[in-house]
Every structure is written in structure tokens, then in C-alpha cells.
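Asker: Once you've looked at the hints, dock chain B against the given chain A.
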Amino acid sequence: MISVRNLTHQLGQQTILDDLSLTIPKGKVTALVGANGAGKSTLLSLITRLMKLQDGQILIDNMNVGETPNDALARKLSILPQSIQLEPRLTVRELVSFGRYPHAKGRMQKQDWNKVDEALTVLDLNELADRQLDTLSGGQRQRAYVAMTYAQDTEYMLLDEPLNNMDIAASRSLMRVLRELCEHHGRTIVIVLHDINYASGYADNVVALADGKIDQEGTPLDVVDSAFLHRIYGTDAKVHILDDRPFVQV
Amino acid sequence: MGENDMPVKRLSFLALLLALSMVLYMTIGSRGNWDFVLAFRGTKLLAIIAVSVAVSTSTLLFQTIAQNRILTPSIMGFDALYVLIITMMVYFFSGQGMLSFGSYGLFAFNTLIMLLASFLLFGTLIFEHGRDLTRMILTGVILGTLFRSLTSFATRMIDPNEYAHIQIASYASFNSFNTELLYIGVAVIIACLIFVWTIRHRLDVISLGYDVAVNLGENVRTVQLLALAVIAILVSVSTALVGPVAFLGLLVVSIAHLLTPSPNHSTLLLSSALISCIILVGGQTIMERMLSLSTPLAVVIDFVGGLVFLLLLLQRLKK
Numbered sequence: 681m682i683s684v685r686n687l688t689h690q691l692g693q694q695t696i697l698d699d700l701s702l703t704i705p706k707g708k709v710t711a712l713v714g715a716n717g718a719g720k721s722t723l724l725s726l727i728t729r730l731m732k733l734q735d736g737q738i739l740i741d742n743m744n745v746g747e748t749p750n751d752a753l754a755r756k757l758s759i760l761p762q763s764i765q766l767e768p769r770l771t772v773r774e775l776v777s778f779g780r781y782p783h784a785k786g787r788m789q790k791q792d793w794n795k796v797d798e799a800l801t802v803l804d805l806n807e808l809a810d811r812q813l814d815t816l817s818g819g820q821r822q823r824a825y826v827a828m829t830y831a832q833d834t835e836y837m838l839l840d841e842p843l844n845n846m847d848i849a850a851s852r853s854l855m856r857v858l859r860e861l862c863e864h865h866g867r868t869i870v871i872v873l874h875d876i877n878y879a880s881g882y883a884d885n886v887v888a889l890a891d892g893k894i895d896q897e898g899t900p901l902d903v904v905d906s907a908f909l910h911r912i913y914g915t916d917a918k919v920h921i922l923d924d925r926p927f928v929q930v
Numbered sequence: 281m282g283e284n285d286m287p288v289k290r291l292s293f294l295a296l297l298l299a300l301s302m303v304l305y306m307t308i309g310s311r312g313n314w315d316f317v318l319a320f321r322g323t324k325l326l327a328i329i330a331v332s333v334a335v336s337t338s339t340l341l342f343q344t345i346a347q348n349r350i351l352t353p354s355i356m357g358f359d360a361l362y363v364l365i366i367t368m369m370v371y372f373f374s375g376q377g378m379l380s381f382g383s384y385g386l387f388a389f390n391t392l393i394m395l396l397a398s399f400l401l402f403g404t405l406i407f408e409h410g411r412d413l414t415r416m417i418l419t420g421v422i423l424g425t426l427f428r429s430l431t432s433f434a435t436r437m438i439d440p441n442e443y444a445h446i447q448i449a450s451y452a453s454f455n456s457f458n459t460e461l462l463y464i465g466v467a468v469i470i471a472c473l474i475f476v477w478t479i480r481h482r483l484d485v486i487s488l489g490y491d492v493a494v495n496l497g498e499n500v501r502t503v504q505l506l507a508l509a510v511i512a513i514l515v516s517v518s519t520a521l522v523g524p525v526a527f528l529g530l531l532v533v534s535i536a537h538l539l540t541p542s543p544n545h546s547t548l549l550l551s552s553a554l555i556s557c558i559i560l561v562g563g564q565t566i567m568e569r570m571l572s573l574s575t576p577l578a579v580v581i582d583f584v585g586g587l588v589f590l591l592l593l594l595q596r597l598k599k
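Which chain is which? The protein sequence lines are A and B, in order. When you line the first sequence up against the working numbering, it's residues 681 to 930, in that order. When you line the second sequence up against the working numbering, it's residues 281 to 599, in that order.
For reference, chain A alone in the conformation it holds in the complex (with noise of 0.2 Å):
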């Protein structure tokens, strides 16, 4: 369970986080949607220490972020970070095994490759094992970052808007990747999505950003609604209800 308690953070004069608390059950595929602005990566980056912590509590499980050493940590949760930007000739593999830092430190013994092997094919990534990443498209490279923070092997995985630059038959095989990392693996999978589609079609808890504050969490059933959207986005869309998932026609 991720706990997150009376939350505030500023940037400059800028308020983008406004004492916000908030429970992230274990074991479920969340998602963050929110108007742009709303304050989802930089609450993302807070609960991953990317950012430091300016005022409030973070509990991951028991440990508290901010006094929980670092690599303590790496153990526990990881982030696939918005952008990255990788030295092109790595190859796949070699990336993947980065993922194994956190628990060879760099001495990587038999277990740590048969990890990394089991990342590459969880993720459907064996036959581009040894292709260096700039040979790879954008959807390609997102599975292979994915790869890395699985074979890390953390109970809790934070993805900042992975969807981003993805057609949407990555987009899709991605979002199943997720969702069967949640259901068979035991993986608690927490989300920035900015396709509220996405969101209720994979996830199990929608938590809706506005102004840094809590808007609304729920199931998507409960949250994802004309009216939601019009406060959250100020659109008017319709929503169609399709298999028990709210859908929002675009």
C-alpha cells in the first residue's frame, strides 16, 4: 500500500501539489488522470524521490521515503520515468540487466541473468535481445524499459505517461503487459495516463488531479462520467458504457 499524507509542493510561487492525501492499494493496476498541470508527474516523481520532498509523509509499506535509503528502496518500487534518454548503443539485453543494479550491484550471479531472461520474455523482447536500442521503434524501446523495471523485480511499478508516442497497437499490447504483470505476477501497477480511455479500459482505480488536489478515485465505472469530464477537462463528451468500462467517445 503506498500512503501518501498531506501532501504540499510549490515551485517557486506555484502551488502544484495542495495537501493532498491518498491511498494506493496493493496488488491493482491505478491510474493518475488529470488536465495537464494537474500535478500527476510531479506527484509521481515525489512518491519515487526524483523529487524531493518538501512537506508531508510518503509510506511505502512501512518505509518512509526521504529516510529510507536509496537502494533500500530500488528493492521496493520502481519508475518508468517520462523521458528517457539512453546511450543509443546499449542493447537490449544489456539494458535489461541494468534492472538487476539494485539487487547484484554490479556482480551479476546465475539468478540475475535467468531474471533478465525472464523479463525479455515476459515482454516478448527475445528476438530483439541483442539489437542495440536506436535500431528499435518507439514502441519497442518503451517494452524494453518496461523489461528493465521488471527484471528489478520491486512489488511496486510507477510508469510517467508511457503511452506517449505509441500507436495504439503498442499502446494496447503494452497496456495488457501491465495488466497481466498485476494478475499473474503480483505486481501493484500505478499509472499516468492521458488517454482517459486507457485508463478505463485496463485499470482497476481511476484517481482524478485537479488543481493538485483529489478530485474523485474510484473504479472506472464510478468515476468516468459527461459530467467528471467536463469538470476535470472542460469538454463535453459522451460516455458509452461498454462489458461494465465507461468509454468516452472522442
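Pairs of lysine-lysine, DSBU-like flavour, derived with a Cα cap of 30 Å:
#1 A:LYS893 - A:LYS918
#2 A:LYS785 - B:LYS289
#3 A:LYS893 - A:LYS708
#4 B:LYS289 - A:LYS790
For the chain A half of the interface with chain B, some residues (derived, Cβ under 8 Å), not all of them:
#5 THR728
#6 ARG729
#7 ASN750
#8 ASP751
#9 ALA754
#10 SER758
#11 ILE759
#12 GLN765
#13 LEU766
#14 GLU767
#15 GLU774
#16 PHE778
#17 PRO782
Simulated from the structure, these hints should not be mistaken for laboratory data. From a predicted model like this one, the values you see are computed outputs, not experimental measurements. For each residue, glycine too, the CB sits at the ideal point set by N, CA and C.
Answerer: Chain B only, in chain A's frame:
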């Protein structure tokens, strides 16, 4: 990750090439008393190798913490800073006053100031603007010019006789080097290399960028500070021994990336050190023995290294 994927063949080839250039350096054109020749040339060879490895290692470290492959400590003005510190010492304390420190004490004192100045000037720069290449280059060029101008201003003010104290550190020369500091310098360099080798995996992780390194549990700032300290010490030693070697580091590390492409610092540290030694020992053999010193080696290296710098810069700007 791991050392099992080192390009052993290429590294052995480089080692062989280095052994060959060392043998040639020691033997070509030697006449008469072998005891004298070996001792005389051996000391020179030791100085050249120590400086080569110091330059290649400091450049590789700097490129890792600054996250790019174009900038080097000399382009950022590290060695110009060291020369400025020595010149200021002479200016304020006079050459006689400096001698009372003893050469070891003086060297330690200069290195300490160098460490502090590097943290102040380059530490904040890397922390705050490390990703902004244009800003880094501009700042480096401006700092370098400032240090050199201050140095040349101070040298005009001091007694010409005292200028001898700063001459070795001011111009790159592989023939006249600081023999007094050679052994202590070599010891310091070896200590630095051992330390760098122990943090090589941490450097691998840092080279993936801030976000990914934090995700993998590494304390990025700590490693950057450690690396910056090692860079400052290595630049101090190599500048004190033979003077500033402007584009050598860039040239050597670029060749290393070309010959042994790898994300592992274990590979890159070895290959860049080997290439650096080959270029200086081999180059010195050719210059000193075959062309009888008609052109200083530093000029040739700076010419080729400068071209590489321009090529890399143009390539990067095209993207």
C-alpha cells in the same frame, strides 16, 4: 553489465601495441651504456604513462558525470585553473616563499585549492545545468579564457626569474617534466585509479541519466562529487608533471568509444588508458627518435584532437 562481456581480443591487441611502442621507445637509437639509457628513458616513460592514464581517466569520468561525449576537463578549463593557482602562488608568495613550502607541501596545497575551486565552479555547474550542453560549452570557454588571461596578466607582473617556477606547468612538454614530483605523482594517480575501479559499476549506472540512476537506487550526487574530486586530483597531478594537454583526453576517449563500444566503465577505463599510452609513448618515439624533435608532440595531438572536437560538435548540432 558484468565483466564477462569485455572485448578481450581488442584489449589484448591494444596492450600488445603498447608493449611494442614501449620497447621501441626504450631501444631505438640508444648507444653505449645500457644502465644509463634504461634509467634515463625509464623515468621519462614512467612520467608519460602516468600522465596518459591520468588524462584518459579524468576525461572519461567527466564525460560520465556531465552526461555527454564532447566536453572534457581541459575544455572546461580545469588545467587552466591549476596553472592559474600556481601562478597566483608565485605572484603572492614569490618563488622563494614557495620553495619554503617544499615541493611536496606546495603540490598538496595547490591540489587542495584545486579541489575546492572545482567543487565551487564546476560542481554547481554540473548539478544545475549538466544537461544543457550549450551552456556548459560556453561557460567552459569563458572560464578557460578567464583563467588563461589572469595567468598571463600575473606572469607579466612577476619577476622574470620567478617565471621558471611555473614554466613546467604552463606548457605541455613531454621532454621537460617535473622530476621532483614524479614518484609522489605516480602514487597519487595509482590511488585514484584503484578508487575509480571500485566505483566502476556505480559509474555505469550514473551514465544512464539521473532518473534511471535514482530508480536503480544510486545516489547520483554522491557519485558525481566523488568523480569530481578524482578529476580535480588527476588534473592537478598531470598538469604539475607535464603541463596542460588540451585535446588529448577528448581524442583518446573518442577513439575508445569507437574501438571498444561498451556501456561498461571497466572496458572503457582500460581501453582509453591503453590508447592514451599508445598515442603518447608511440607519438613520443616517432617525434623524438625518428623526426628528431622537429615538432612538439603536444602540437600534433592538439591539432588532431581539435579536429575531433569540431567534428563531434558539428555532428551534435546537426541532430
